[in-house]
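Protein chains: 2
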Amino acid sequence: MLSKNQIKLIRSLKQKKYRLQHQLFVIGGKKTILELLNSELKLHQLYTTTLDFDVSDVLQTIITPNELHKISFLKTPNETLAVFNIPKPQPIDHNKLILALDNVRDPGNLGTIIRLCDWFGVKDLLCNLETVDCFNPKVVQATMGSIARVNITYLDLESFLSNQKGIQKFGAFMEGESIYSMELPKSGILVLGNEANGITKIIASQITERITIPRFGNMQVAESINVANAAAILLSEFKRGTRTTET
Amino acid sequence: MLSKNQIKLIRSLKQKKYRLQHQLFVIGGKKTILELLNSELKLHQLYTTTLDFDVSDVLQTIITPNELHKISFLKTPNETLAVFNIPKPQPIDHNKLILALDNVRDPGNLGTIIRLCDWFGVKDLLCNLETVDCFNPKVVQATMGSIARVNITYLDLESFLSNQKGIQKFGAFMEGESIYSMELPKSGILVLGNEANGITKIIASQITERITIPRFGNMQVAESINVANAAAILLSEFKRGTRTTET
Numbered sequence: 334m335l336s337k338n339q340i341k342l343i344r345s346l347k348q349k350k351y352r353l354q355h356q357l358f359v360i361g362g363k364k365t366i367l368e369l370l371n372s373e374l375k376l377h378q379l380y381t382t383t384l385d386f387d388v389s390d391v392l393q394t395i396i397t398p399n400e401l402h403k404i405s406f407l408k409t410p411n412e413t414l415a416v417f418n419i420p421k422p423q424p425i426d427h428n429k430l431i432l433a434l435d436n437v438r439d440p441g442n443l444g445t446i447i448r449l450c451d452w453f454g455v456k457d458l459l460c461n462l463e464t465v466d467c468f469n470p471k472v473v474q475a476t477m478g479s480i481a482r483v484n485i486t487y488l489d490l491e492s493f494l495s496n497q498k499g500i501q502k503f504g505a506f507m508e509g510e511s512i513y514s515m516e517l518p519k520s521g522i523l524v525l526g527n528e529a530n531g532i533t534k535i536i537a538s539q540i541t542e543r544i545t546i547p548r549f550g551n552m553q554v555a556e557s558i559n560v561a562n563a564a565a566i567l568l569s570e571f572k573r574g575t576r577t578t579e580t
Numbered sequence: 334m335l336s337k338n339q340i341k342l343i344r345s346l347k348q349k350k351y352r353l354q355h356q357l358f359v360i361g362g363k364k365t366i367l368e369l370l371n372s373e374l375k376l377h378q379l380y381t382t383t384l385d386f387d388v389s390d391v392l393q394t395i396i397t398p399n400e401l402h403k404i405s406f407l408k409t410p411n412e413t414l415a416v417f418n419i420p421k422p423q424p425i426d427h428n429k430l431i432l433a434l435d436n437v438r439d440p441g442n443l444g445t446i447i448r449l450c451d452w453f454g455v456k457d458l459l460c461n462l463e464t465v466d467c468f469n470p471k472v473v474q475a476t477m478g479s480i481a482r483v484n485i486t487y488l489d490l491e492s493f494l495s496n497q498k499g500i501q502k503f504g505a506f507m508e509g510e511s512i513y514s515m516e517l518p519k520s521g522i523l524v525l526g527n528e529a530n531g532i533t534k535i536i537a538s539q540i541t542e543r544i545t546i547p548r549f550g551n552m553q554v555a556e557s558i559n560v561a562n563a564a565a566i567l568l569s570e571f572k573r574g575t576r577t578t579e580t
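Protein sequence lines, in the order shown, are assigned to chains A and B. Position in the first sequence (from 1) plus 333 gives the number in the numbering used here. Position in the second sequence (from 1) plus 333 gives the number in the numbering used here.
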C-alpha cells in the first residue's frame, strides 16, 4: 500500500529539480533493478507487484498493478520499480581515457553513450551543465544498468578543460584528422558535441586535436552520423589499439 | 485545401499494408524533404503551410496548420509534409560489402542503421521479412534523408544466404573472433540480429564467420551494446582498412 506522500515523492522524481533536492532517482524493470542491487548504488525503496521477486535482504513493498501504474514513468510498467540514491561522483582518473559531452540533449543518446562507456571500460564520463541529466528516467532506462558502473560528473566543461595541462583533448568534428590514420593514446579527453550543432565554439577553443570519422558514401549528401554512433566508433578506435597488435 | 479522401489516404500510410497497397510513404520536415527531392525518389504529393518553401518545378498544395496536424505523424509537425513513391529495389551488388538484418524491430535502430550505410558507402541493405518496415514513418524520419540513398531489399534471408556460395558471411555474436584481430575483406555479407536475442538459429546456421566486438569493461556485467552501435563499429572496422594503410 502506497501513501499519497510516497506517490507524490516518486512522481516528482521525473523532474530534475526534485531529483537534486531528494538525491533520488527512479528505475523500472526487474532485470535492471537486479543489476543495480548488485552494484554499489544504495537502494532507497523497492516496490513490486509480484511476490516472486527474489531478492533477499532487501525490504520490498508489495503494491497493486494500479499503484505501480501511478508511480511508473513507463507506458507498460514492468512489475517492479525502485528508487535509488544518486551516487556521489568519484574523483576523475586522469591517466585513462575520459569521455566528455558538450550539450548532448537526447536522453536515448546519453543512455546509449553511458552503456558504451561501460562496454569499453571508460570509467569517467563528464557532462557539461547543459547536457541532459543522467538520472532522467529515460536516460537511466536506456543505460540498461550501466548507470551503476560509470562515474558521471556534471561540471563547467570549459573551465575543466582549460585547467588540464599536458593532456591531449580530442574533439569530434566534421572536418579533422582521420581517426583511422592517427595513433591514439591510452589517456586523454575525447569531447563529443550536440546532436545538431556539434561542439560549441567555447569548447572547441580548448580542443588540441580535431578528429573526424571519414565518410565513405556520397560526399555530397550523407550529412552526419548520430552522436551515440560516433561515440561507438571513436571509443572502439581508441580502445582497439590497446588490446591487440595491428596486423 | 485537403479533401477527406486525401486525408484518409495519407493517414492510412501509417500502416504497412496501405503503404504496400499504394506504394507510397510519408515524410515530414523541410530539410529532409529537400534532400529527397534532390534524390532519385519520385514525389507523389507535397503539402506545405508556408509560401516560402522554395522548390521550383514542384507542385505544392498549400494547407493550413490544422490540416497539417491532421495528416502528420509527428507530434510537432514541421510546416511541410511529402508523400513519395516507394522505390523499386535495385539488383544487389555482390562485389561489395552487404549489410543484412535479422529481426531488427526498433524503428529508430533501423533508421540509424540506414544512415550508417549511407555514411559508410554500403549500397545494399538486406532485411529479413520480420525486420521493421523501412518505410515506417519513424524509420524514414530517423534516416535523415539517407532512405533515398541506400538500396533496401526485404527477402527470405535464410534462403538468400544459403544461395550465396563462395562469399564470406559474417555474423555478429557475443562470442566470436575479435574484429580487431581479423583481416576483413572488401566484399561479403555482414549479418546483425535482433535487439534482445541476436541472430536467430536458422540464420546462424548460414554464417561462415562468427565475429565479436571485444568488451573492455567489467566482463561480469556490461551486457551488450545497442545493435545500431554494433553496426557503427562493425562498418567502421570493415571500411577503415579500405581507406588507409594501418600504422
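These are computed hints drawn from the structure, not numbers from a lab. For clarity, every value in this text was computed on a predicted model and none was experimentally measured. Among the hints, erroneous ones may be present.
Given that identical chains are not distinguished, each listed pair holds provided it fits within a single copy or across any two copies.
Unchecked claim - Calculated pairs, SDA-like style, for lysine to any residue (alpha carbon to alpha carbon, straight line, at most 25 Å):
1. LYS349 to LYS471
2. LYS347 to GLU516
3. LYS364 to ALA529
4. LYS421 to ASN411
5. LYS337 to ASN399
6. LYS363 to GLU556
Q. Which holds for LYS347 with GLU516 at a C-alpha limit of 25 Å: within a copy, between copies, both or neither?
A. Neither, since 43 Å and 48 Å both go past 25 Å.
Q: Pop the pair LYS363 and GLU556 into one bin, within, between, both or neither, using alpha-carbon distances up to 25 Å.
A: between (39 Å within a copy, 15 Å between copies)
Q: Please work out whether the CA atoms of LYS337 and ASN399 approach to 25 Å or closer within one copy, between two copies, in both situations, or in neither?
A: So LYS337 and ASN399 pass the 25 Å test inside one copy only (14 Å; across, 40 Å).
Q. Taking 25 Å as the upper bound on the Cα-Cα distance, should LYS349 and LYS471 be classified as within, between, both, or neither?
A. within (12 Å within a copy, 28 Å between copies)
Q) How would you classify LYS421 and ASN411 at a CA-CA limit of 25 Å: within, between, both, or neither? A) For LYS421 and ASN411, neither the intra-copy (28 Å) nor the inter-copy (41 Å) Cα distance is at most 25 Å.
(Q) For LYS364 and ALA529, with the copy left unspecified, which applies at a CA distance of at most 25 Å: within, between, both, or neither? (A) between (33 Å within a copy, 13 Å between copies)
Consistency with the previously given hints fails for numbers 2, 4, ordered from lowest to highest.
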